[in-house]
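Given these sequences and hints, build the entire structure.
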Amino acid sequence: AQTVTQSQPEMSVQEAETVTLSCTYDTSESDYYLFWYKQPPSRQMILVIRQEAYKQQNATENRFSVNFQKAAKSFSLKISDSQLGDAAMYFCAYNGNKLVFGAGTILRVKS
Amino acid sequence: NAGVTQTPKFQVLKTGQSMTLQCAQDMNHNSMYWYRQDPGMGLRLIYYSASEGTTDKGEVPNGYNVSRLNKREFSLRLESAAPSQTSVYFCASSDMRTRQETQYFGPGTRLLVL
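Those protein sequences? They're chains A and B, same order as listed. The working numbering numbers the first residue of the first sequence as 1 and each following residue consecutively. The working numbering numbers the first residue of the second sequence as 112 and each following residue consecutively.
Think of the hints as simulated: they come from the structure by calculation, not from any bench. Only true hints are included.
DSS-like, lysine-lysine: derived pairs with alpha carbons at most 30 angstroms apart: (1) A:K98 <-> A:K78; (2) B:K125 <-> B:K168; (3) A:K55 <-> A:K73; (4) B:K168 <-> B:K120; (5) A:K73 <-> B:K168; (6) A:K55 <-> A:K70; (7) A:K98 <-> B:K168; (8) A:K55 <-> A:K78; (9) A:K78 <-> A:K110; (10) A:K98 <-> B:K120; (11) A:K98 <-> A:K73; (12) B:K182 <-> A:K98.
Here it is in structure tokens:
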């Protein structure tokens, strides 16, 4: 069975600085998709970024980018120029034939 | 365009009571899903419906039933609620049930079973 591990239960970052959230996964499949979802206090799950496993180029969405290392089964999220509105729980998720979530990382942003 | 909506937002039940959580999407998506979220854990799949007229079990289906009423609506029923079903429930939808799918989530229903 596929598993997703987020080893950092909680992270803190100063406003305007950069932070990286870690994610590793376990799978025997070669074709799959990876996602980062943001869950603010409102509980709404918001898609942040998506990576297709067959693409070598790392996905980027404005201040959010990923470091996808397929051989290492690693999928980290980098947030640049952190803002107060980035404070939330972040979930890494793997989709082979069903969506599997990690346990989440709480990100706190200090002003 | 409301996306995915869920009702109610919050509910308190007594052990043994039944209730139905409602979910609707207006994105014309084929696939719909029900998840539960417990503290310290990510979302876990309860049931899903790949298309209208079909439903399948997910990771944690025990104690739940679902109905895909039409393409827009997918309900989750607790026949006899138990304290272990205290959780936050999310409905999601996606355009097709393939690996490319991006799932879009509703705002969640917080359920407390006493």
